[in-house]
Amino acid sequence: MASGIAQLAQDLRARKTTATQLALAALARARARADLNAFITLDENAALAAAQRAEAALAAGSAPVLTGIPFVHKDIFCTNGIRTTCASRMLENFVPPYDAAVVEKLSAGDAVPIGKANMDEFAMGSSNENSYFGAVRNPWDATRVPGGSSGGSAAAVASGIVPFATGTDTGGSVRQPAAFCGITGLKPTYGRVSRYGMIAYASSLDCAGVLARSAADCAQVLAALAGHDVRDATSVERMVDDYVAALSTTPQGIKIGVVREYFGAGVEAGVGAAVQAALRHYEKLGATLLDISLAHAALAIPAYYVIAPAEASSNLARYDGVRYGHRCADPQALEDLYTRSRGEGFGAEVKRRILVGTYALSAGYYDAYYLRAQRARRLIAHDFGEAFTQVDLIAGPTAPTVAFKLGEKTSDPLAMYAADVNTVAVNLAGLPAISIPAGFSDGLPVGLQLIAPAFAESRLLAAAHRFQLATDWHTREPPA
Amino acid sequence: MSWQSVIGLEIHAQLCTASKLFSGASTAYGAEPNTQASLVDVAMPGTLPVPNRAALDKAIAFGLAVNATIARHSVFARKNYFYSDLPKGYQISQYELPIVSAGALAVRLQNGRSIDVEIQRAHLEEDAGKSLHDAFHAATGLDFNRAGVPLLEIVSAPVLHSAQDAVAYLRTVHTLVRWLGICDGNMAEGSFRCDANVSVRRTGTQKLGTRTEIKNVNSFRFVEKAIEYEIERQIRALENGETLVQETRLYDAAAHRTLPMRSKEDADDYRYFPDPDLPPLAVTDADIAAVRAALPELPDARRKRYIEGLGLPDSDATQLCADKATADYFEAMLGALPGQAKTCANWVLGELAAALNAQNLAMESTRISAPMLAGLVARIADGTISGKTAKDVFAAMWAGEGDADAIVAARGLQQISDTGAITAAVDAVIAQFPMQLADYRTGNEKLLQFFVGQAMKRLRGQANPQQLNALLRDKLRSD
Amino acid sequence: MSIDAATVARIARLARLPLDAQAPPQTASELARVLDLVGQLAAAPLDGVEPMAHPHAQALAWRADTVTETDRADALLALAPDARAGLYAVPKVIG
Ligand SMILES: [Mg+2]
Ligand SMILES: [Zn+2]
Chain C
78 MASGIAQLAQ DLRARKTTAT QLALAALARA RARADLNAFI TLDENAALAA
128 AQRAEAALAA GSAPVLTGIP FVHKDIFCTN GIRTTCASRM LENFVPPYDA
178 AVVEKLSAGD AVPIGKANMD EFAMGSSNEN SYFGAVRNPW DATRVPGGSS
228 GGSAAAVASG IVPFATGTDT GGSVRQPAAF CGITGLKPTY GRVSRYGMIA
278 YASSLDCAGV LARSAADCAQ VLAALAGHDV RDATSVERMV DDYVAALSTT
328 PQGIKIGVVR EYFGAGVEAG VGAAVQAALR HYEKLGATLL DISLAHAALA
378 IPAYYVIAPA EASSNLARYD GVRYGHRCAD PQALEDLYTR SRGEGFGAEV
428 KRRILVGTYA LSAGYYDAYY LRAQRARRLI AHDFGEAFTQ VDLIAGPTAP
478 TVAFKLGEKT SDPLAMYAAD VNTVAVNLAG LPAISIPAGF SDGLPVGLQL
528 IAPAFAESRL LAAAHRFQLA TDWHTREPPA
Chain Z
428 MSWQSVIGLE IHAQLCTASK LFSGASTAYG AEPNTQASLV DVAMPGTLPV
478 PNRAALDKAI AFGLAVNATI ARHSVFARKN YFYSDLPKGY QISQYELPIV
528 SAGALAVRLQ NGRSIDVEIQ RAHLEEDAGK SLHDAFHAAT GLDFNRAGVP
578 LLEIVSAPVL HSAQDAVAYL RTVHTLVRWL GICDGNMAEG SFRCDANVSV
628 RRTGTQKLGT RTEIKNVNSF RFVEKAIEYE IERQIRALEN GETLVQETRL
678 YDAAAHRTLP MRSKEDADDY RYFPDPDLPP LAVTDADIAA VRAALPELPD
728 ARRKRYIEGL GLPDSDATQL CADKATADYF EAMLGALPGQ AKTCANWVLG
778 ELAAALNAQN LAMESTRISA PMLAGLVARI ADGTISGKTA KDVFAAMWAG
828 EGDADAIVAA RGLQQISDTG AITAAVDAVI AQFPMQLADY RTGNEKLLQF
878 FVGQAMKRLR GQANPQQLNA LLRDKLRSD
Chain V
10 MSIDAATVAR IARLARLPLD AQAPPQTASE LARVLDLVGQ LAAAPLDGVE
60 PMAHPHAQAL AWRADTVTET DRADALLALA PDARAGLYAV PKVIG
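Chains as they are written, first to last, in the numbering used here: chain C, 78 to 557; chain Z, 428 to 906; chain V, 10 to 104.
It is possible that part of the hints are untrue.
[Unchecked claim] To be clear about the criterion: a stretch of chain Z counts as covered by chain C if any three or more of its residues have a C-beta under 8 Å from a C-beta of chain C, and this derived list gives those stretches: (1) 463 to 475; (2) 506 to 515; (3) 703 to 712.
[Unchecked claim] Here chain V is said to cover these stretches of chain Z; the calculated rule only asks that three of the stretch's residues, wherever they fall, bring their Cβ under 8 Å from a Cβ of chain V: (4) 444 to 457; (5) 651 to 657.
For the record, the hints were derived by calculation from the structure and aren't laboratory data.
Ideal Cβ positions, reconstructed from N, Cα and C, are used throughout, including at glycine.
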């Protein structure tokens, strides 16, 4: 098995390896797996410079656990001096003059970024096929998608290139690719990690997250990322738990609510069976399973596909070819500059969502679409609140299917949107959730999603860790 | 048949904060282009707005001053439209739930009547950047230094019925925001701007006519002229049987007319929605109490106090309260000269105002401080100098020659109150002009002034006039 | 539901996105399908429910009024497709 963070940290301190060796090895693996198309940018110079800083920190003795650990940032986080594209032609040559909060946090601990991971353009997609830089392939089956939008991050971790990657989750974009690629993906509570410097898709839903091989590794990375940031007015001022210490608290008599609606018609039999088996395993570990209903679950997809595009239509208005980003050749007038630059700079799915969002907010439709979606959002969040008066965690399949074929759903946006059916509600409610490997169906990984109340990441991670101590699904590796 | 015009104003007052509404960039005026445009101000991908507390407090101060409702819960919303000077493609403003609503402001009109103008709302929003259309031959230049500067948009109800009344209201708001210290009121620099919504209707009817909006007129005089023009234009059009279109118009000061702006067909679909980057604003009673405690005495209250408490005539009180610096100056003088309110007012509104006007200076730039002017007035009161001499001393003070005492001493301007010297001069004059004396004594009392003049001449104008008069009368009569 | 070409054109214009000569019918049908999906909200019993714009009942935090930014004009203007003489440049805007 590819080593986890704790093992690598130990090896570094035991001088069995160096940060530079780890970085070079990760870069070599990344190049060897160019077929996955998991990266938009590899930056050896930046990686080696970070590795040297890490070595100095390690030599000085008081380095945090992530020091010297190679990783990759989703190409949605602004990196000072390193191209940040959001997988869009619009930002093909954009080199930010500043670091995102998430980037700063990991740099501060001298973790070693080797590059920027491929993704769906502006995080809009569930298959990573909406990238200006081409689709990412699933390490388990190169004819299949890795999930999206953090597909490059998931593929890089699943293929053993790096032990962890950053991702973002607006409607499932960390959890669903984690499920498709057989790794662990954590979406923290909205506001727990700063959004500063994370290129916005839908601001009230966007959440920075972690993709890694285990809940224990996710805990280590979350510990580095979590905290209040005055530069993000939606970041929450609240004590950060000790997520790593919480891993060893054995959840006794935990009650898990199994959501009836998450096993609906669209869920493949093999996926349902694997998830049920995993839940029975939780029972063996002492958990109590309760059959629960989230009454408004069916509203989650329609509400999400109004709210996210509405916010996106506004968030993406800044890409106008004036201050940065793509500008069309020889604009004849201001309107021509806008329309052609945006037409050329954005891909089809981004344009589709901008149009839907513009429509939902426009005069005469605002009440019927945007406002109704916000009302549905309240009911969806309320359902979770009610459920958490009875259970400690909520569970279900992360995605209704295993990784589907490349091209299978590209011509049908609605089929693609259905891939998010079990994940979007969590974003609407702002809750933390994790996807952990729960078995296989037809040789492809299946993810179990666990959802916790706001700010109960410790409970979530402890429960996931307990499962991973008792099972080995998370250690399975795709064929090289 | 006659027409009634209906006018409402939207005023944009730039709140005088050190930093912008949503970024830590400076708001200082006049910097080199784009040197005060931060990552947030140019809408770098990934940047987020963080609001400025001082702007909120200033908005609350305005709300309290116009007896408005201060929303305990209000919301920043995005106003979406594309324009080159708008970096994010939306302006962060307030829409459904503004911080200030339902206020009123007492406005004194030119005819002395007072009306209460309803202020429907005042909301916080960010300014856009500046387009420089003449910067290049075939291109427009953009400077984002102003992008993100905090504005308070103050919206009146359409309750004004003449260009003069509209300007009286505008001036009252201008005085108030400067008085509160929330806006410097500098119209030339764009810190205080006004859009006017104008319509006309048949006198006696209620339904509002089609309105036009005149944008960004940058002086009181032009606001008045633009509204006047627009009222006449609308009446003329309606009387010719034309239909008016609701549109935005610009005032061309040189030609004295308003012209339609190039129409933006989608200008009315701003797709407002709550800004997801900014949770709702919660304002507590304690927040409001803190702002209230720091509010200065308001202009109207002070004017009333000057009339009722100090016995000043209405016109003096009104003029003194036209701006806070003037009123404060007056009070500082009065502090040194208790009980001499009218004298102080006369000096502030007379000699001092004339000197400031002559050089187009604001009270803040006065060359004579209140204690200095009080010192001068005190020398008149105690008889050291005459009122006439005082004007010369004032001029010398203005020229920077020092305080009143120093000037009087240096120039030897002390009034002669020594009875001996005055008596000697009077005796000499009476001796010099026997024929006039005889004339006076036979009843030509007008000659008193002749003797006063001659005696004053001998005393180089420095005699105490009351003493000189008394002595002369006495000597001319007896003997 | 169906969405007519004029509406698609109006929305595209608001969003400053181009509509190619052939695109409208396809865009319109795609949009119509998405709108059908989100149109499920119309049937839901949502009247009287308070809209929810933010995931947490959180009040806005404010910053103090201090200048924290310095001049970064050169670095920022360097990112612009067209910057001249310290200004961002766009095709001449009339009025
Ligand atoms: Mg307005
Ligand atoms: Zn405004």
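To see whether the hints hold, each was checked on the structure:
1. For the region 463 to 475 of chain Z, the assignment as covered by chain C holds, since 8 residues bring a beta-carbon within under 8 Å of that chain's beta-carbons and 3 suffice.
2. Residues of the region 506 to 515 of chain Z with a Cβ under 8 Å from some Cβ of chain C number 5, which satisfies the need for three, so the listed coverage holds.
3. Coverage of the region 703 to 712 of chain Z by chain C holds. Counting CB-CB distances below 8 Å, 4 residues qualify, and the rule asks for three or more.
4. With 7 residues having a Cβ less than 8 Å from any Cβ of chain V, the region 444 to 457 of chain Z passes the three-residue criterion, so the hint holds.
5. Figure legend: the region 651 to 657 of chain Z, annotated as covered by chain V; annotation inconsistent (0 residues with Cβ-Cβ distances under 8 Å, at least 3 required).
In the structure shown, a violation is registered for the earlier hint numbered 5 alone.
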